[in-house]
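Enquirer: For the record, the sequence lines run as chains V and D.
Going by numbering that gives the first Met the number 0, the first residue of the first sequence is number 0, and it counts up by one from there.
Going by numbering that gives the first Met the number 0, the first residue of the second sequence is number 0, and it counts up by one from there.
The hints are simulated quantities; they were obtained by calculation from the structure and are not laboratory data.
Keep in mind that the hints are not guaranteed to be accurate.
Dumping the calculated EDC-like pairs for lysine to aspartate or glutamate here, alpha-carbon to alpha-carbon at most 20 Å [unchecked claim]:
#, chain 1, residue 1, chain 2, residue 2
1, D, K201, V, E150
2, V, K32, V, E58
3, V, K201, D, E150
It should be emphasised that the depicted structure is a prediction, and the values quoted were computed from it without experimental measurement.
2 protein chains.
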Amino acid sequence: MGIVERKEREKQEMRQRIIDAAMHMFLEEGYNKTSIRNIADAIEYSPATIYLYYKDKDELLYAVQKEAFDKLLETFEREATALDPLLRLEQIGKSYLRFGMNNPELYDLMFIIRAPMNVDEHIHQTNGRDCFSLVMETLGECIDKGLLRYEDPRIAMLSFWAMGHGLVSLVVRCRLKVLELAENDIDELLHKAIDEYIRLIKR
Amino acid sequence: MGIVERKEREKQEMRQRIIDAAMHMFLEEGYNKTSIRNIADAIEYSPATIYLYYKDKDELLYAVQKEAFDKLLETFEREATALDPLLRLEQIGKSYLRFGMNNPELYDLMFIIRAPMNVDEHIHQTNGRDCFSLVMETLGECIDKGLLRYEDPRIAMLSFWAMGHGLVSLVVRCRLKVLELAENDIDELLHKAIDEYIRLIKR
DNA sequence: AAACCTACTGAACAGTGTTCATTAAATCAA
DNA sequence: TTGATTTAATGAACACTGTTCAGTAGGTTT
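Turn these sequences into a full structure, and let the hints steer you where they fit.
Expert: Below you can see the structure in the form of structure tokens.
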């Protein structure tokens, strides 16, 4: 009897249908402006049904986040392929910047949105782990080969990420306006900033 | 007749009473979890009254934000007093970090919270301007004296701020958990990261 | 004392996340 | 095939949210 298998499959399909709709609407309108009722409307089910598949709106967020990190990882693996670790590091930086600038709502979801504390904190340790391992390995290789002016890989990782995240999140949350930069220059300036940073950390 | 003056004074007092309560509750519970009704309760007025003094919840946010930037400016002026611009830059960096770590909710309000687009964008150009001028001047002085490995002050400002903001905001929004650092080390690591950054940008 | 003005409020509107008893349908056992 | 049981889905409700507005009480002016 394949009934239980089919049911399990249907359950997974339903879960997927929900997060597909959720992802779509989160990107279109943002997390806060997307209501469970809107998502329910989109998939033509009642709002209560969603709660049969996801415990609450946060769990929905984390599911979408997970898919987003998969996308970022794919992007890294596609765009940061250089064998030279230093060059690869630069590719990663540029890739990160582009990813954030091209998918601001997605970036928001992954790196900015308030992480509610009622959820298992473990999520933050698993979601995105692979992405960070990839960066970590590249940084480690650079340091091992003595290519960087960093000694401690933790400091290097922290700094590298902080620079990337700082740049993207200031743009995504409109905080650069205070610097009164021309809107068109911003993209170019960010890339220059990363270039400069890479230049600075090179030994 | 001092009646109109008294009334004006009372109006200002009421405005102040409202944002005092708002600031207090924003810091205690965060912006999103603070409702107009809660604020109204705290000052023992009806929710509708608040709308006589502030157009909407966002305007309340910007008023609180303004006070917060005043606080940050005071902090800078108190803690970053060195005559040597390079040393002063370091003091600013440390000061910024401490400010963010000691007042995470305030920091959130100032630099992370989604800036609604229905508000006059001009706010983002005025709120915090003084703080940035101060940093800008120090950076400018450093560059003029040839103390930094940056040429373009805009890139320098962008990078310096991105590093600071990146570090603080990753902590404030719990994104460092993925790096599995010991909770106690974080404060120290952030300061080391800033130290390293200053070291890197020194000519 | 009557008119006016202004500060304030209660009640309502449309929306939110979430829960739960009830219903309808699919599955299972006889 | 029929009856019992499990499962999936829902409508309605609850307790919130930001915001608006007609109505009121009281101080101010004429």
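Enquirer: None of the hints should be skipped; say for each whether it holds.
Expert: A quick look at each hint next to the structure:
1. Between K201/D and E150/V, the direct Cα distance comes to roughly 17 Å. Compliance with the 20 Å bound is thereby established for this hinted pair.
2. Taking the CA atoms of K32/V and E58/V, the gap is near 16 Å; set against the 20 Å cutoff, the hint holds.
3. For the given pair, K201/V sits about 17 Å from E150/D by alpha-carbon distance, which is consistent with the 20 Å threshold.
Violated hints for the displayed structure: none, as all numbered hints are satisfied.
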